[in-house]
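As a plain string of letters, each chain reads:
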Amino acid sequence: MNRLPERLGEVIDRGTTLSFSWNGQEFSAFAGDTVVSALAAAGQRVFSRSFKYHRPRGLLTASFHDPGCMVQIGDEPNVRGAHRLVTDSMVVTSQNTWPSLRFDVRGANRLVGRFLAPGFYYKTFIRPQRLWPTYERVLRQFVHAGEISPDTRVEHRSTRFAHPDVLVAGGGPAGMAAAVAAARAGARVLLVEEEHQLGGHLRYVGSPAELAELRTEVTASGVEVLTDSVVLGRYDQNWLAVLQRGSGERLIKARARVLIVACGLIERPYVFAGNDLPGVMLSTAVRRLINLYAVKPGERAVVLTANSDGDAAVRDLLDAGVEVAEVVDARSGGDILRAHGRRGLRTVELPGGRRIEADLLVTATGWTAPTALLNQAGDVPVYSAAAARFLPGGKASEDVLAVGGLAGDGTLDELRAHAGAVGAEAARRAATHRYRQLTRTPTAVAGRAPVGGPIEIPDLPVHEHPALFRAKSHGMVDFSEDVSSSDIHLAVREGYDSAELAKRYTTATMGPLQGKLEMVNAIAMVAEATGRSVAETGTTTWRPMYAPVTLGALAGRTVQPVRRSPMHAWHQANGAVPLVAGQWIRPDHYGDPAAEVRAVRTAVGIIDVTPIGKLDLRGPDVPKLLNLLYVNKWSKLAVGRVRYGVMCAEDGVVLDDGVTGRLGPDHYLMSTTSSGAAAVWEWIENWLQTERPEWNVHVTPVTTSYASVNVAGPRSAELIGRLAEGVDLTDFEYMNVRTARLAGVDGCVLWRIGFTGEPSYELHVPAGYGLHVWETLLAHGEDLGVRPFGVEAQRILRLEKGHLIVGQDTDGLTRAFSAGLDRLVKLDKDDFVGKPELLWQHDQGAQTRLVGLQPVNGQIVPPEASQLVAADTTRIVGRVTSSRMSPTLGRSICLAQVEAALAGPDTEVTVLLPDGRRIPARVTEHLAHVDPHGARLHTAGTPGTFRQHPPPVARSPIRTAAHAVGGSPNAALTLADHSALAKVVVRAPHAKAMAASLGVPFGRAARAADGTLVIGAGPGEWLVLGPADSGDGLLKQLRRQAEEVGGFVSVVDLTHGRAMLRLTGDRAADVLASVCAIDLDSDFTPNGAALRTSVATLVTDLVRDDQQGVPSYLLHCERSSGQSLWDAVLDAGAEHGIEISGEPTPSPEE
Amino acid sequence: MIQLPCPWCGPRNVTEFRYAGERTPRPDPGTATPRQWRAYLYLRRNPCGVVEENWYHTAGCRRFFTLHRDTASNAVKETR
Ligand SMILES: [Zn+2]
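Protein chains in written order, with the numbering used here: chain A, -3 to 1146; chain B, 100 to 179.
Keep in mind that the hints are not guaranteed to be accurate.
Ranges between beta-carbon positions, derived for each pair [as the list claims (entries may be wrong)]: (1) B:K176 - A:D71: 32 to 42 Å; (2) A:G548 - B:R117: 24 to 34 Å; (3) A:S17 - B:A174: 25 to 35 Å; (4) A:L909 - B:A174: 50 to 60 Å; (5) A:A27 - B:V149: 26 to 36 Å; (6) B:R137 - A:G740: 55 to 65 Å; (7) B:T157 - A:Q556: 11 to 21 Å; (8) A:S993 - B:P124: 34 to 44 Å; (9) B:K176 - A:A445: 13 to 23 Å.
Which bits of chain B does chain A cover? Going by a derived footprint, with three or more residues having C-beta under 8 Å, they are [as the list claims (entries may be wrong)]: (10) 107 to 117; (11) 121 to 132; (12) 142 to 153.
Taking lysine to any residue pairs in the SDA-like style, the calculated list, with each CA pair at most 20 Å apart, reads [unchecked claim]: (13) B:K176 - A:L434; (14) B:K176 - A:E394; (15) A:K620 - B:R144; (16) A:K822 - B:T130; (17) A:K468 - A:R528; (18) A:K249 - B:R125; (19) B:K176 - A:R528; (20) B:K176 - A:T435; (21) B:K176 - A:Y431; (22) A:K391 - B:A174; (23) A:K629 - A:T598; (24) A:K249 - A:H152; (25) A:K988 - A:G1042; (26) A:K822 - B:D127; (27) A:K1032 - A:G1042; (28) A:K620 - B:R125; (29) B:K176 - A:H152; (30) B:K176 - A:Q433; (31) B:K176 - A:H429; (32) A:K249 - B:A171; (33) A:K391 - B:D169; (34) A:K825 - B:R125; (35) A:K249 - B:N112; (36) A:K468 - A:E345; (37) A:K391 - B:A171; (38) B:K176 - A:E345; (39) B:K176 - A:S393.
Bear in mind the hints are in silico, worked out from the structure with no lab data behind them.
Glycine is no exception: its CB is placed at the ideal position from the N, C-alpha and C atoms.
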């Protein structure tokens, strides 16, 4: 046993013994031991085999970055064994050592090493290509990695957004001093330390008093400390990726106002023959082993020292009872030549040939500055020949500062003083930055501007250090890639004579250590081989990630928001086959789409078309807007009338289509395609905001305010009549729109339109009542043969009718005339979007045309996207855009894009099937295959008579019950469904009369005298919340208020359009910090703040509305995403003990 | 990830915005030649340097606004 008596400052707890296995053998450890320190204490020396030559490898650095200590723990590969703490019953195995660590057949590679010279893979395996599969199989046996198991339990890593004023990367003495100084100056500080304790090298150099003092200061100053964590990378504007390890990794995405880089220095290995033998260690490694883990690193040592740390290592070795056979002092010209041994060090050979028996060779030959974060901030470190290391080049952006060994040398006091000044200056810069951001953030309370000028930062000395890279023998440069100094010399001789080229050719610095140990030596070897200096040779770039990170941590919780209609649960319960379209889940069919088609053609069918985009348009200038955006004319649309319109982009390409109806003098409802809903809304806003800001139009998306149901078929009027009140169905022609009461639900919109070619009614029902109306339709229509139909049946029906689908029958090049919209495009309008291109297309004639097409053999259904080719050639003349078997006609029917010359009726074209067959098909006279003249549309039949229905039930979009685990009202953290609240949106010019009347500016929320919550949701946009069922009253009151104030104001009820939750508790902000990138500190987001942002990838309005002094947030999003938002917040709150509270509202299933 | 200074909402992560392209004024559709119109549709300066560009704050205030951004450094000239 190599365990020493108790050491002052040791990090092991001798009172707690753990047991674990290593390659099947039981070992014991103390709490605080790393896997490797415990094994070293038990006398183990070899922990892995090297990458290429399978040489035995032992301890080199005794830190996270020890190349020979990668092990497998359970099903987790590539664990850094000199860093990972032992836990009880841990199962540890070595990697890539088949058949055993002691006897590795591939160790024979040592003998053939010369065949594995640089470029070996390129040179050997490049030809012949047919042998690659063989090469791959052989090479895979050599891959240096552990094993992953397909049975590994699926876990999710969480993410956190952080907004520190100052983030300090590195918790050594300088980092701690900088953090304390910044925190004392008022900054919010996050201190990130890679090791398991703060302290850096102070932990193992025998300075317990200083260490204790610094740790006390850190605790007292309120710095947030993350140990076993590492800053992975620095990106633009101090966007920092921080990996928090420990139990379950967590990726912290930090936006730091100032970054202080305090990464210290990494001891550099010395290059000589045998420098990778187990038993050859760095001075810091033996000091860690002795002082942190009380492990005796060997029995008889030779020490090569070039600095005071090497000297101190000698003292530590003697103190630990190691016999020091020889101290070779490099400062007075001493050197070693090579190390001998097979499975471990046996003798050290000095120049001149003297051999010293030893099982431990300690080198202290210099340092590498891990400047990664500085490089990523734009700095170009410069090589100091005198100090034999790289130093910051001073070019980093001003929000990144360096302290500690990275910045210079000096006594502990000098380093602390320097770091303290940098910390205070960082706090000052951060305060200035913070204040500037606060003054620009509408939710924030800026407070007073910070005062005070820059803080003077003392210079740090840089001490001279001998430049030692290689002895007079060749050895390993890159321990993880098995690249030797002779490999680099060879690469230079072969012409790869710059650091960047030699690196890529030899793969030096490209292994798991990414340059931390080997970068400077690699550059020095290139310099040596080219005869240039190290400074002339330059450095290679340190790119993110600084440390390895699992894909799981990067992925975080994979949030895939899903949109659901109010009838979603019904579809699920009734055998619908789901179809994911965009984010929507829709019923594709309920088992038999052909039967669904027949039901629509012969009786009546109902389809859930909620995803259809719906935009509420208000204002006197809406006709101007419609005339601008649609290719057809809109000036004379009467109230109650509906028109079909097509929008094109400025290049004349068809963008979207839909119907728009006029509900009132200044009130229109526009429908868009489901997939185009968001884009059309943005398109309209773009035109209104940037090109026509003088127009008075307000656009409110109401897509999910309504559940939409299309009732289609010859018996649709009969069915609708049984539900509708307040509308004269006998005076309700095709292409008209009415408002009505349906199955007891007020405020429904009825359209006489259809995509199917049958007489049909499209119902827009306030979404909470969607399921009620849907079920009433099914109940009342039972004797009529009503049947739900899905997207597939609708696609068949519309194809029979020849209606195009934008994006299916058109593509990104299809201009309006190619889409067969000749009669719609009104080129005599002054202007409309895309008009010039359409004018030119009209003059030149469309090159391609949309046509109806029928294969001569009606039993062949050509797959969509099949090519049309000219007879007897392979010249492509078009393509099939839609194709189905028509249940109505009993034959296949298609739509196709075809060259204009072939677009005439009865033209025969050839369809090239994917299997190579060529089949004839004929162009039809009309796009419609069924009822081309639309006779059926106008024969709606006799409306049925009204029937009694069950009382309407308004349902929430959120199913809370499944998660309700006995939430108590006194829970510290609660989530409640508030979707039932009345919600009315008010639109009016920003900062004008209505704004003054509402009294709440953008970014703030306040309670009015009547208890309603008025939220300044956007510039010129307010959301007013009232109690459930108060919607009508609220609407009336706000409309009255708007009339009194005058001017252009719109008031729209969004009660059914939004899902709303309330998250309450002292930890509420912590929950949100894992799904929301907004700084929720009380100066940026105080009580009464209102903002819109992304929460769990959903656009969400967030209102801070504290309850009796307890932080509370109202979150609301578009209704169909409510369940996704609820689930995400609940999931994020799980680690904080979140509970459901509040009265359960009827869920979608009840 | 950079932040953009939304003139309404303050600094926000760029993922909240949609890039709406370099500012290109719309020619008079009544008089534009095909050459002018297609320059408006397709031609962009794409400089290495300061560009005047439109952004839409999709996940925020839903306002379009114009920024002056240096494409080399991502430095944005603040609008106020
Ligand atoms: Zn904004």
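Here is what the structure says about each hint:
1. B:K176 - A:D71: 32 to 42 Å: Given a distance of about 52 Å, which is not inside 32 to 42 Å, the answer is violated.
2. A:G548 - B:R117: 24 to 34 Å: With a Cβ separation near 30 Å, A:G548 and B:R117 satisfy 24 to 34 Å, so the hint holds.
3. A:S17 - B:A174: 25 to 35 Å: violated, 56 Å
4. A:L909 - B:A174: 50 to 60 Å: holds, 57 Å
5. A:A27 - B:V149: 26 to 36 Å: Distance hint for A:A27, B:V149 is violated at roughly 58 Å.
6. B:R137 - A:G740: 55 to 65 Å: At 56 Å between Cβs, range holds.
7. B:T157 - A:Q556: 11 to 21 Å: For A:Q556 against B:T157, whose Cβ atoms are near 19 Å apart, the range 11 to 21 Å holds.
8. A:S993 - B:P124: 34 to 44 Å: Given a distance of about 37 Å, which is inside 34 to 44 Å, the answer is holds.
9. B:K176 - A:A445: 13 to 23 Å: With a Cβ separation near 22 Å, B:K176 and A:A445 satisfy 13 to 23 Å, so the hint holds.
10. 107 to 117: With 9 residues in contact (Cβ-Cβ under 8 Å with chain A), the coverage given for the stretch 107 to 117 of chain B holds.
11. 121 to 132: Result for this restraint: holds, n = 4.
12. 142 to 153: Coverage by chain A is violated here, the residue count being 1 at a Cβ distance below 8 Å.
13. B:K176 - A:L434: holds, 17 Å
14. B:K176 - A:E394: holds, 17 Å
15. A:K620 - B:R144: At roughly 32 Å apart (the allowed maximum being 20 Å), B:R144 and A:K620 break the hint.
16. A:K822 - B:T130: Within the cut-off at roughly 18 Å; holds.
17. A:K468 - A:R528: The given pair, whose Cα atoms are some 18 Å apart, holds under the 20 Å limit.
18. A:K249 - B:R125: Distance of about 40 Å is beyond 20 Å: violated.
19. B:K176 - A:R528: violated, 44 Å
20. B:K176 - A:T435: holds, 16 Å
21. B:K176 - A:Y431: holds, 18 Å
22. A:K391 - B:A174: holds, 16 Å
23. A:K629 - A:T598: Violated: A:K629 and A:T598 sit about 35 Å apart, past 20 Å.
24. A:K249 - A:H152: It holds: about 16 Å lies between the C-alpha atoms, which stays within 20 Å.
25. A:K988 - A:G1042: holds, 10 Å
26. A:K822 - B:D127: Since the Cα atoms of A:K822 and B:D127 sit roughly 18 Å apart, the hinted pair holds (cutoff 20 Å).
27. A:K1032 - A:G1042: The given pair, whose Cα atoms are some 15 Å apart, holds under the 20 Å limit.
28. A:K620 - B:R125: holds, 18 Å
29. B:K176 - A:H152: violated, 40 Å
30. B:K176 - A:Q433: holds, 14 Å
31. B:K176 - A:H429: holds, 15 Å
32. A:K249 - B:A171: Answer violated: A:K249 to B:A171 is near 24 Å, above 20 Å.
33. A:K391 - B:D169: holds, 19 Å
34. A:K825 - B:R125: holds, 18 Å
35. A:K249 - B:N112: holds, 12 Å
36. A:K468 - A:E345: holds, 11 Å
37. A:K391 - B:A171: Judged against 20 Å, a Cα distance of about 16 Å means the pair holds.
38. B:K176 - A:E345: Between B:K176 and A:E345 the Cα gap is close to 64 Å, so the pair fails against 20 Å, i.e. violated.
39. B:K176 - A:S393: Holds - the C-alpha atoms of A:S393 and B:K176 are around 17 Å apart, at most 20 Å.
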